[in-house]
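Asker: Residue numbers (this note's numbering), protein chains in the order written: chain E, 1 to 494; chain F, 1 to 494.
Since the hints were made in silico from the structure, they are not lab data. All values derive from a computational prediction rather than experimental measurement. Check the hints yourself; a few may be wrong.
A pair counts as met if it fits within one copy or between any two copies, since identical chains are not told apart.
Simulated crosslink set (DSS-like; lysine-lysine; CA at most 25 Å straight-line) [to be verified]:
1) Lys465 / Lys94
2) Lys55 / Lys94
3) Lys161 / Lys276
4) Lys98 / Lys465
5) Lys161 / Lys24
6) Lys161 / Lys59
7) Lys126 / Lys276
2 protein chains.
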Amino acid sequence: MGIEERIFNKELHSKITTAEEAAKLINDGMIVGTSGFTPCGYAKCVPMAIAERIKNGEKMRFELHTGASVGVELDEALAEVNAISKRLPYQTGKTINKRLNDGDTMYLDIHLSQVAQQLRYGFLGKMDVCIVEAVCIMEDGGIVPSTSVGNTPTFIQEAEKVIVEVNTTQPMELVGMSDIYIPKDPPARHPLPFTDVSQRIGTPAMPCDPRKIAAIVPCDITDKTRPLAPLDETSKAMAANLIDFLQYLYGDTLPPLQSGVGNVANAVMAGLVESKYENLKCWTEVIQDAMLDLIDVGKLTAVSGTSLSPSPDGLKRFYAGIKDYRQKIILRPQEISNNPEIARRLGVIAMNTALEADIYGNTNSTHMFGTRMVNGIGGSGDFSRNAGLTVMLTPSVAKGGAISRIVPHVTHYDHTEHEIHVIVTEQGVADLRGLDPREKVAVMIEKCAHPDYKDMLWDYYNRAKREVGGHIPMLLDEAYSWHVRFNETGTMKI
Amino acid sequence: MGIEERIFNKELHSKITTAEEAAKLINDGMIVGTSGFTPCGYAKCVPMAIAERIKNGEKMRFELHTGASVGVELDEALAEVNAISKRLPYQTGKTINKRLNDGDTMYLDIHLSQVAQQLRYGFLGKMDVCIVEAVCIMEDGGIVPSTSVGNTPTFIQEAEKVIVEVNTTQPMELVGMSDIYIPKDPPARHPLPFTDVSQRIGTPAMPCDPRKIAAIVPCDITDKTRPLAPLDETSKAMAANLIDFLQYLYGDTLPPLQSGVGNVANAVMAGLVESKYENLKCWTEVIQDAMLDLIDVGKLTAVSGTSLSPSPDGLKRFYAGIKDYRQKIILRPQEISNNPEIARRLGVIAMNTALEADIYGNTNSTHMFGTRMVNGIGGSGDFSRNAGLTVMLTPSVAKGGAISRIVPHVTHYDHTEHEIHVIVTEQGVADLRGLDPREKVAVMIEKCAHPDYKDMLWDYYNRAKREVGGHIPMLLDEAYSWHVRFNETGTMKI
Chain E
1 MGIEERIFNK
11 ELHSKITTAE
21 EAAKLINDGM
31 IVGTSGFTPC
41 GYAKCVPMAI
51 AERIKNGEKM
61 RFELHTGASV
71 GVELDEALAE
81 VNAISKRLPY
91 QTGKTINKRL
101 NDGDTMYLDI
111 HLSQVAQQLR
121 YGFLGKMDVC
131 IVEAVCIMED
141 GGIVPSTSVG
151 NTPTFIQEAE
161 KVIVEVNTTQ
171 PMELVGMSDI
181 YIPKDPPARH
191 PLPFTDVSQR
201 IGTPAMPCDP
211 RKIAAIVPCD
221 ITDKTRPLAP
231 LDETSKAMAA
241 NLIDFLQYLY
251 GDTLPPLQSG
261 VGNVANAVMA
271 GLVESKYENL
281 KCWTEVIQDA
291 MLDLIDVGKL
301 TAVSGTSLSP
311 SPDGLKRFYA
321 GIKDYRQKII
331 LRPQEISNNP
341 EIARRLGVIA
351 MNTALEADIY
361 GNTNSTHMFG
371 TRMVNGIGGS
381 GDFSRNAGLT
391 VMLTPSVAKG
401 GAISRIVPHV
411 THYDHTEHEI
421 HVIVTEQGVA
431 DLRGLDPREK
441 VAVMIEKCAH
451 PDYKDMLWDY
461 YNRAKREVGG
471 HIPMLLDEAY
481 SWHVRFNETG
491 TMKI
Chain F
1 MGIEERIFNK
11 ELHSKITTAE
21 EAAKLINDGM
31 IVGTSGFTPC
41 GYAKCVPMAI
51 AERIKNGEKM
61 RFELHTGASV
71 GVELDEALAE
81 VNAISKRLPY
91 QTGKTINKRL
101 NDGDTMYLDI
111 HLSQVAQQLR
121 YGFLGKMDVC
131 IVEAVCIMED
141 GGIVPSTSVG
151 NTPTFIQEAE
161 KVIVEVNTTQ
171 PMELVGMSDI
181 YIPKDPPARH
191 PLPFTDVSQR
201 IGTPAMPCDP
211 RKIAAIVPCD
221 ITDKTRPLAP
231 LDETSKAMAA
241 NLIDFLQYLY
251 GDTLPPLQSG
261 VGNVANAVMA
271 GLVESKYENL
281 KCWTEVIQDA
291 MLDLIDVGKL
301 TAVSGTSLSP
311 SPDGLKRFYA
321 GIKDYRQKII
331 LRPQEISNNP
341 EIARRLGVIA
351 MNTALEADIY
361 GNTNSTHMFG
371 TRMVNGIGGS
381 GDFSRNAGLT
391 VMLTPSVAKG
401 GAISRIVPHV
411 THYDHTEHEI
421 HVIVTEQGVA
431 DLRGLDPREK
441 VAVMIEKCAH
451 PDYKDMLWDY
461 YNRAKREVGG
471 HIPMLLDEAY
481 SWHVRFNETG
491 TMKI
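Just chain E, same shape as in the assembly:
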């Protein structure tokens, strides 16, 4: 099978088996954890074999816990056969998304830094099996993660049994890139000693009692990372607005950056490639293409995350230059990468995207029109509440202008007026620091809203102020009238 040379504990060679055999360890009603955070470093062969069993008529449903979203071989394959009874803590696939919105799959939207801790605390039940993609297995049973760490260290610790997929497409040079540390639980927990992005406090492998390893499966399927869309004008404008503001606020030296997942986040980092900034550092969650660009041009000196999630082209580039990149990149458990303690201590600049924002400075990052889950809150809340500066980005409109993303009141609240400092659209930057909600209104409308909606927003606010008043003027029976109008007429415009 050719994977023996990646299993340094000889006794474990007897555990090498097929995905089909390993899949038999999963039974109806179980709680199953897998590696994976974004479509990187996720279990692939065994989930597909489980899906195959179900396709062949076996009745089986189980809970699926991961780091965040994962690749098609895992979430989509299992969602297609409706195998997932409950899912946490994040997702992006079309089928899993439909399942959870249709109610076939229950879905918990938890701050990503909290998952491992809540599992250890017993809040999420007892994990039966975890399935881990590995680069190799060490003599002591320690499992070396591949392109993401996520919640895997704690899953391994908590699960009854461990299945390892040794993925031969993941280069051995990944060994040593991760820094694995599981906090003890209270009252024995220690301070996390980080005072800099590039510190290491743990081990290269995820500790695992070799007796827990129930099966080892060879796998040669590559990470199916997502392509990035070309940078569009709106994203570029948002990035430029934000970078101008950061320069105004911080001058020539920026604190460590956290940047959300996706095209807008990537555009911001890409904007920094063109900027005058040098000696940048990222304390973030997901490492995307533009961070590799920043390393290439020598502007990013250290990046810490939990997942290496570039585009397919970016992944090729990373593999080709791995010996250099790994000098600058550290992957950590998401409990560490997203930990409030560190975001606050380092004074991280948190930059995340929202679906909509309101005139009082609240944002909705998860539920379209209050109801339909898009992806999840992810790590945005871990950073937004604790960062040195909390920035949310959103285009001012959607659907060709039929939807204003700046609304009287958001339909779901993920990040509140209490924690958001700055909101950025392609129109401009709303600097909300130090403002009363009523002062925020003018800034939000004049700096962030699309010109087509400014008068409508002022009309709402002025009537609310006149008719109701108070600290946050609100017309209860009109709060979501814009969304209702869109549902009825296809546009928020009157």
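Take the given structure of chain E and dock chain F to it, following the hints.
Answerer: Only chain F this time, still in chain E's reference frame:
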């Protein structure tokens, strides 16, 4: 003047003056910080003298920053003469509350742990003067706080000038009870080394360059702490429900407790006096009467907070037994007492009250019917997002049953479904851990809602599920129909 013996730096004796003279240091347009967190340890004589100047015809308005709410001699006296242009970060007085809801005073509702940091970061402007109640002034200029610490250490550090009110009603035995530590700012910030409630990391006095001390004023006005209402049946029932649940979850040993301010919080702690628990610890914000009771019966071995805020009777009791109490009590800056880092590390049980909660597990702690600010978010968010267990308490109804506090959707979001683990009413306990929003609905309705409203809540949810569906079924045009109905008919009932 009789306060010389409390000013150990002899050169500072020349700064002793009257409140009227000191008040002249405050001018129109300034940012003024004062000591005080709840009606404890707040500046009293100088604010009253400022109010007197304005009563006598002087035109003057300024920003007022404090630790939290303060006493009548400060907030009320200044609000009555409309002297406060902007206020942060918390308030409880009738006049200041009317001012900010009427729009006379702008008001920032910030997580309390964030205030000092945001001032140092420049987010809140440059502080001109701070007015500090002190027990005494040390040889090196260090100022010993009295019954609260709040944001005062950072205010002293950041203000151009410092006015000290040496309050001779505050006993010298308070010296040594506080532990003052100001975190450095990034990138020089260190881990907060706490692994236990009773650790000390700082100094007894708040460092102050003696040259900044512009005036020292004798004061003999006592803290006007608030009386506690007698424990009512509803509060007792909530407390009993919660304590039963904690026993179910934790067994015989509880992690450190954080308990919000007010009668409900006090009822929970009072419930623990009767419980079998021993060796309790509090890592909290405000120290109220029942914590003194717990110390008296030997059940509370250590309590850390930022304010000693018992009732008038409790304060007398504290003063009488100060030599014993101070062995168990430590007051810290609110940036430390409320720090996310520590709440998470210690696995604190956070227990705070809400105005209303919704069937999906969100709560509103601040804005009545979305609009009218009650007191503020205070420290609840610092703890709720980072605690080991996050509990919110609210009675199931208000206004004799005309208002259900369990509603389809809250009208303002302070604590979201992402972070709340448990909601408690006098009806029961909703254990929301590990549940999808749609699973939470049944638990919220059956365990927490008042029987009069259960059918109405089910009706809303079932229609929302049928007509809209999705992860969080929501009827956009009915979201706040219960609140609208109350406004129109005087009851939420149909």
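Asker: A separate judgement is required for each hint: does it hold in the structure or not?
Answerer: Against the structure, the hints come out as follows:
In this assembly of identical chains, the alpha carbons of Lys465 and Lys94 lie at most 25 Å apart only when taken from different copies (21 Å versus 42 Å within one copy). Proximity of Lys55 to Lys94 under the C-alpha cut-off of 25 Å is restricted to the intra-copy arrangement: shortest distance 19 Å within a copy versus 66 Å between copies. Taking the closest pair of Cα atoms, Lys161 and Lys276 never come within 25 Å of each other, the shortest separation being 51 Å inside a single copy and 39 Å across copies. In this assembly of identical chains, Lys98 and Lys465 lie within 25 Å of each other by CA distance solely across copies; the values are 15 Å between and 40 Å within a copy.
Taking identical chains as interchangeable, the C-alpha atoms of Lys161 and Lys24 lie at most 25 Å apart only when both belong to the same chain, with a minimum of 12 Å there against 73 Å between chains. In this homomeric assembly, Lys161 and Lys59 come within 25 Å of each other (Cα to Cα) only inside a single copy, at 21 Å, whereas the closest approach across copies is 74 Å. Taking the closest pair of Cα atoms, Lys126 and Lys276 never come within 25 Å of each other, the shortest separation being 50 Å inside a single copy and 29 Å across copies.
In this structure, the hints that do not hold are numbers 3, 7, in rising order.
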